[in-house]
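Line order of the protein sequences matches chains A and B. Using the numbering used here, read the first sequence as starting at 32 and increasing by one per residue. Using the numbering used here, read the second sequence as starting at 591 and increasing by one per residue.
The hints are simulated quantities; they were obtained by calculation from the structure and are not laboratory data. Take these hints with a grain of salt, some might be off.
[Stated by the list, open to error] Below 30 Å or equal to it, Euclidean Cα-Cα: the simulated DSS-like pairs (lysine-lysine) are:
| no. | chain 1 | residue 1 | chain 2 | residue 2 |
| --- | --- | --- | --- | --- |
| 1 | A | LYS53 | B | LYS672 |
| 2 | A | LYS211 | A | LYS107 |
| 3 | A | LYS53 | A | LYS375 |
| 4 | A | LYS136 | B | LYS674 |
| 5 | A | LYS107 | B | LYS750 |
| 6 | A | LYS186 | A | LYS89 |
| 7 | A | LYS346 | A | LYS375 |
| 8 | A | LYS62 | A | LYS186 |
| 9 | A | LYS161 | A | LYS200 |
| 10 | A | LYS161 | B | LYS750 |
| 11 | A | LYS203 | A | LYS186 |
| 12 | A | LYS89 | B | LYS674 |
| 13 | A | LYS141 | A | LYS186 |
| 14 | B | LYS672 | A | LYS89 |
| 15 | A | LYS107 | A | LYS53 |
Predicted model only: the values in this text are computed from it and were never measured.
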Amino acid sequence: MENIVSLKNIIVEFEDGEQILKNISLDIKDKEFVTFLGPSGCGKTTTLRIIAGFLEPKSGDVIFDGKRINDVPPHKRNVNTVFQRYALFPHLNVYENIAFGLRVKKVPEKEIVRRVGEMLELVNLMGYEKRTVNRLSGGQQQRVAIARALVNHPKVLLLDEPLGALDLKLRKEMQIELRKIQQELELTFVYVTHDQEEALTMSDSIVVMNNGSIQQIGSPTDIYNEPVNAFVADFIGESNILNGSMLRDCLVEFNGRQFECVDKGFGKNETVDVVIRPEDVKIVPAASAKLTGIVESVVFKGVHYEMIIDGVDHKWTVHSTKAEAAGTMVGLAFDPFDIHIMKKSEE
Amino acid sequence: MKLKYFSAPYLVWMVVFIVVPLLMIGFFAFTNEDGQFTMKYISDVGQYANIFVRSIWLSLIATAICLVIAYPVAFILSRMEKHKQGTMLMIVMLPMWMNFLLRTYAWMTLLGNNGIINHLLGMVGLGPFKLINTSGAVVLGMVYNYLPFMILPLYSVMEKIDNSMFEAAEDLGCSYFQTLFRVIVPLSVPGITSGITMVFVPAISTFIISRMLGGGSNLLIGDLIEMQFLGNAYNPHLGAAISLVLMVIILVIMTVMNQFDPDDQVLM
Ligand SMILES: Nc1ncnc2c1ncn2[C@@H]1O[C@H](COP(=O)(O)OP(=O)(O)OP(=O)(O)O)[C@@H](O)[C@H]1O
Ligand SMILES: [Mg+2]
Numbered sequence: 032m033e034n035i036v037s038l039k040n041i042i043v044e045f046e047d048g049e050q051i052l053k054n055i056s057l058d059i060k061d062k063e064f065v066t067f068l069g070p071s072g073c074g075k076t077t078t079l080r081i082i083a084g085f086l087e088p089k090s091g092d093v094i095f096d097g098k099r100i101n102d103v104p105p106h107k108r109n110v111n112t113v114f115q116r117y118a119l120f121p122h123l124n125v126y127e128n129i130a131f132g133l134r135v136k137k138v139p140e141k142e143i144v145r146r147v148g149e150m151l152e153l154v155n156l157m158g159y160e161k162r163t164v165n166r167l168s169g170g171q172q173q174r175v176a177i178a179r180a181l182v183n184h185p186k187v188l189l190l191d192e193p194l195g196a197l198d199l200k201l202r203k204e205m206q207i208e209l210r211k212i213q214q215e216l217e218l219t220f221v222y223v224t225h226d227q228e229e230a231l232t233m234s235d236s237i238v239v240m241n242n243g244s245i246q247q248i249g250s251p252t253d254i255y256n257e258p259v260n261a262f263v264a265d266f267i268g269e270s271n272i273l274n275g276s277m278l279r280d281c282l283v284e285f286n287g288r289q290f291e292c293v294d295k296g297f298g299k300n301e302t303v304d305v306v307i308r309p310e311d312v313k314i315v316p317a318a319s320a321k322l323t324g325i326v327e328s329v330v331f332k333g334v335h336y337e338m339i340i341d342g343v344d345h346k347w348t349v350h351s352t353k354a355e356a357a358g359t360m361v362g363l364a365f366d367p368f369d370i371h372i373m374k375k376s377e378e
Numbered sequence: 591m592k593l594k595y596f597s598a599p600y601l602v603w604m605v606v607f608i609v610v611p612l613l614m615i616g617f618f619a620f621t622n623e624d625g626q627f628t629m630k631y632i633s634d635v636g637q638y639a640n641i642f643v644r645s646i647w648l649s650l651i652a653t654a655i656c657l658v659i660a661y662p663v664a665f666i667l668s669r670m671e672k673h674k675q676g677t678m679l680m681i682v683m684l685p686m687w688m689n690f691l692l693r694t695y696a697w698m699t700l701l702g703n704n705g706i707i708n709h710l711l712g713m714v715g716l717g718p719f720k721l722i723n724t725s726g727a728v729v730l731g732m733v734y735n736y737l738p739f740m741i742l743p744l745y746s747v748m749e750k751i752d753n754s755m756f757e758a759a760e761d762l763g764c765s766y767f768q769t770l771f772r773v774i775v776p777l778s779v780p781g782i783t784s785g786i787t788m789v790f791v792p793a794i795s796t797f798i799i800s801r802m803l804g805g806g807s808n809l810l811i812g813d814l815i816e817m818q819f820l821g822n823a824y825n826p827h828l829g830a831a832i833s834l835v836l837m838v839i840i841l842v843i844m845t846v847m848n849q850f851d852p853d854d855q856v857l858m
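Between the sequences and the hints, there should be enough to build the whole structure, so can you do that?
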């Protein structure tokens, strides 16, 4: 598959000289569903604005379909945006908002009627055609924003937290719908969210960002199973993150104990982050365990129980289908392949 | 309930300075010197139809020119960085701080047959042109005096238009000019209508400007009314009748204008 959008060494600075994007490089493949995932303020919207053309990077190249488009204005880019804050036109009703892009391109009236109708059905707003957008709820406005961008069938659609204002049920439905449309129309979606579950379920590939730089790019399974650092591990699902040191290949020490693991290639006695997923912590009888702790709290989470277990050096988060009573002393154990060793991140 | 008392001064004000004068005008317009009802003065107004037409025509032209000048000015102002807008706005408003008469006198000396403009033109071998005492001079005086009243409402509406409107329009394929006509102009309609009102109403009823810059030949309704009350044509009944007709004309024009103003406009 070809790359439809590439960012090469993009640096963005605002007036105060603070770097908002610190040398971002990224390839987005044609017809791919890419998700930018990261905490608030990490630069997701800024990256989208670079691709859409609203922001000129201080340095670096924006490549679209093999051509450098740094100097191409937004209206000449085959890209549409679902804005984080909707930016609907208050002087137009729902129908005309959605039809706006088609009218600018002088699409024949008959086709406008058909395509806008399709969109209204898709975002479940039939019967709202004549409403002014100010009289819609936040979630309805968000759906108009999605329809207004999607109706143009751009090569690349940028979606900036497009489902943020919707309730859980509607959000799940829209997730499935959006994914279906993306595949049916063979569009490239660049999707921004800070909901890791949304990212994992929808994407072909995930770009995890933090603090203006890319932490990891990979498929959802890669990102989940092989996070490259403690930040990614923590952001994608909860994790127990401990300081450890690598005694030699496949042997790590943390909490004053030595554990077998499967990671190699670290320096002798190198300090590392040790990451263990809550569902990978096994509860064993205290007598036979290397590590013990006292159950502090138990919360029922639907499928499993979440327990906080206080083991002197670390409070463990543990997911288990079996609950232990609060106050009991339990033992903790891990399989070697569930102990993930990661280089300390620079910060 | 108590709150009602707070509006009392305002009500008194309204009654004394708005309702009573209106009633008096109505009374004078429909009565003669002996206080008897008559339609004479109202029907006499018809004699001055040409002055009405001239007033409406000149103030429409002045309003149109104001709009054409003020729109880009207000737009540029509204897109400046926030901290510069205040200063620029003050510069635009500066002429308003000068006395109205003084401002208009200045134009008399500029436009006069031996005035500065003709003098300068004469130096390059042109003219002299007849500038003063023309209807053009009257329009110029109106535009000059009332331009700020067009800029201000336009600016205050445009200033509230978020930059995201430009981005959304551009994102959907609009060039800069398409954005202006498809989004910005429709969004500034409330400013356009109130600007037109604020220029047209004082322009149509002005009397100093036409007197000073228009000479005797460009009499406007305002002059006519003034003559009936203060001038040698003294006839308050006719003056009241003319005022009443003028008021009706303005009301009709404003009602038509307001049809273009979407009532539920909320700007983002
Ligand atoms: N115009 C601007 N001037 C200065 N700083 C800005 C500007 N726009 C954004 N920033 C800063 O750039 C950083 C990244 O902003 P951005 O909007 O890309 O974050 P984000 O990842 O989209 O966050 P969120 O999830 O909250 O939307 C933030 O720290 C923000 O304060
Ligand atoms: Mg954002």
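Evaluation of the provided hints:
Among the hinted pairs, A/LYS53 with B/LYS672 is consistent with the structure: their alpha-carbon atoms are about 29 Å apart, no more than 30 Å. In summary, the hint linking A/LYS211 to A/LYS107 is supported, as the alpha carbons are separated by about 27 Å, within the 30 Å threshold. Pair hint A/LYS53 plus A/LYS375 holds up; C-alpha atoms about 19 Å apart against a cutoff of 30 Å. Taking the CA atoms of A/LYS136 and B/LYS674, the gap is about 36 Å. The hint is violated against a cut of 30 Å.
Among the hinted pairs, A/LYS107 with B/LYS750 is consistent with the structure: their alpha-carbon atoms are about 27 Å apart, no more than 30 Å. Between A/LYS186 and A/LYS89 the alpha-carbon distance is near 26 Å, which keeps this suggested pair within the 30 Å criterion. Distance hint between A/LYS346 and A/LYS375 is fulfilled; the C-alpha atoms sit about 20 Å from each other, no more than 30 Å. This hinted pair checks out: A/LYS62 and A/LYS186 have alpha carbons roughly 8 Å apart, not beyond 30 Å.
Taking the CA atoms of A/LYS161 and A/LYS200, the gap is about 26 Å. The hint holds against a cut of 30 Å. Straight-line distance between C-alpha atoms of A/LYS161 and B/LYS750 comes to about 24 Å, which keeps the hinted pair within the 30 Å bound. Among the hinted pairs, A/LYS203 with A/LYS186 is consistent with the structure: their alpha-carbon atoms are about 24 Å apart, no more than 30 Å. Of the supplied pair hints, the one linking A/LYS89 and B/LYS674 holds, its CA atoms being roughly 25 Å apart against a limit of 30 Å.
Restraint check: the Cα-Cα separation between A/LYS141 and A/LYS186 comes to about 23 Å, which is no more than 30 Å; the hinted pair holds. For the hint linking B/LYS672 to A/LYS89, the alpha-carbon distance of about 24 Å falls within 30 Å, and the restraint holds. Taken as a hint, the A/LYS107 and A/LYS53 pair is honoured in the structure, with Cα atoms around 27 Å apart against an allowance of 30 Å.
Violated hint for the displayed structure: number 4, the only one.
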